[in-house]
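S.K.: Sequence:
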Amino acid sequence: VSTQSTGVAQSRMSKVRLYVYDLSMGMARQLSPGLLGREIPALYHTGIAAFHREFFFGGGIQEAGEPNPMWTSQPAMQHQIIELGETTKTAQEFRVFLASISHRFTQATYNLLEHNCNNFTDECARFLIGEGIPAHITGLPAELMSTPIGAMLRPMLDQFQQQMMGQGQSMDPFGNGGQQPVAANPWGDQGQSLSQPPANPWAASAPAPAPAPVPAPVTAIVAQHQARTDLAFKAQYERPLLTSDSDIQGMLDRVLAASAKLPTELQLSQAEVATLNGLLSSEAAGMEMAAQILCKTHERWPVANLATLLWLLRWVVTKEAGNQVVANYPGMLGLAITRMGELPATARMMGLAMLANLSAHEPGKAALSSGVAQEAVEMCLLSMEAPQVLERRTAAALLYNLALCSVFQDSELVSVQMVCGLFPLVNTEQDEETKIRLLAALIHTLFCNSHACEAAANFGFELDKMEGKPEEMAQEIRSLYSA
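One rule links them: number in the working numbering = place in the sequence shown (from 1) + 59.
Hints were generated in silico from the structure; no laboratory data involved.
Ideal Cβ positions, reconstructed from N, Cα and C, are used throughout, including at glycine.
All the given hints hold, so there is nothing to weed out.
Computed spacing ranges between beta-carbons, pair by pair:
#1 GLY337 x THR302: 20 to 28 angstroms
#2 THR147 x PHE518: 22 to 30 angstroms
#3 GLY85 x PRO361: 51 to 59 angstroms
#4 LEU90 x ALA167: 29 to 37 angstroms
#5 GLU98 x GLU145: 28 to 36 angstroms
#6 ALA316 x GLN133: 53 to 61 angstroms
#7 LEU172 x ARG298: 55 to 63 angstroms
Using the sequences plus the hints, can you model the full thing?
M.R.: Written as structure tokens, this is what we have:
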């Protein structure tokens, strides 16, 4: 396994997609022939998705997870998803670019006809892939205004916009559908200036404490799935994938050696060392206190020194007492996820494995299911583009374990996020073990969530023809969302 410190976001390309919304919800196509003398397919609003985030322009530059909650909650607005290609830019470079243009894309500069969301995504596409979005989208306002009706409506549209802007109202068609408006600075809520975008592209959506999730009612689709007795792979893959090591002493020695190389104020104290050594002689009695020490150490140690610590934590969370401490330690999982993009490849795999091992016990499952589910999925989808097979396998194991969490499967946003990520990944993954883990994750996501099934069917996702066991699993998946 490579131990180079190059960040995951710097070592591979990200797919770029254009989400095309119809603000008229089908009315444009129905009414335009009679009103305009020509058919207008839709009233376009677009968002550009890269690095598993969607960026759009309304009341300033804004962003949301991919897919945007508005996309999943408003099927009538779903017009098209266009695969624009892959970008060689990093997430960090893209955020620097957004900062550089943010002064031109504010609530004050928005113009419904001449400087709108589609002009924004067009500029973003040119930066990311070297060419703009389809011309029929950016050219729609001019096409509308060239008609007699359009010319008559122009003064009213201008007056409407002036009134909206004069009242301080955003022209964002989504309102609060994405994240909170960020005005000129997309990272204002991070305390960053425009000249200092986040160093970590995964830190843009740091998880906030979430209320206890309420399980969704069993829908007709889910009830139909639960009544089936022919889902062999659903029955075969019911246990979480866990990893560990037998050489606990070796792991602990590496942590203590790493501590000795740090400045005095960051080193483990003698009392902490004694408590950690007690893990080996009295595992059950000392586990809770040792886990607290490790979580506290994770907070204060530099990113470059976290590999051995995450290695030991990976084992600690397989023990019930350690699992409960790590799962409930304030900010632990959120910090682990947001720092993941800065870690060297080996440390990143240890971090992914530690999160996957949380599924060994109920406290860890509950923590993954609630406050950090969306961020964990986004992190996994990024790691699934890594060149190292072992990192992709570990990320796929975490996705599978997440899919086993019943509360997570009741989440519309995260389940649709899983579907949108898993289908393309299965079709492109070359490593069979990784592919099987992704297929197992997809089976569980579709089995327990009607939103996931509807998304798979409505978005037109298809699995390519495979061979052997992967094809058998694919057939089971097709039966879940096409029934």
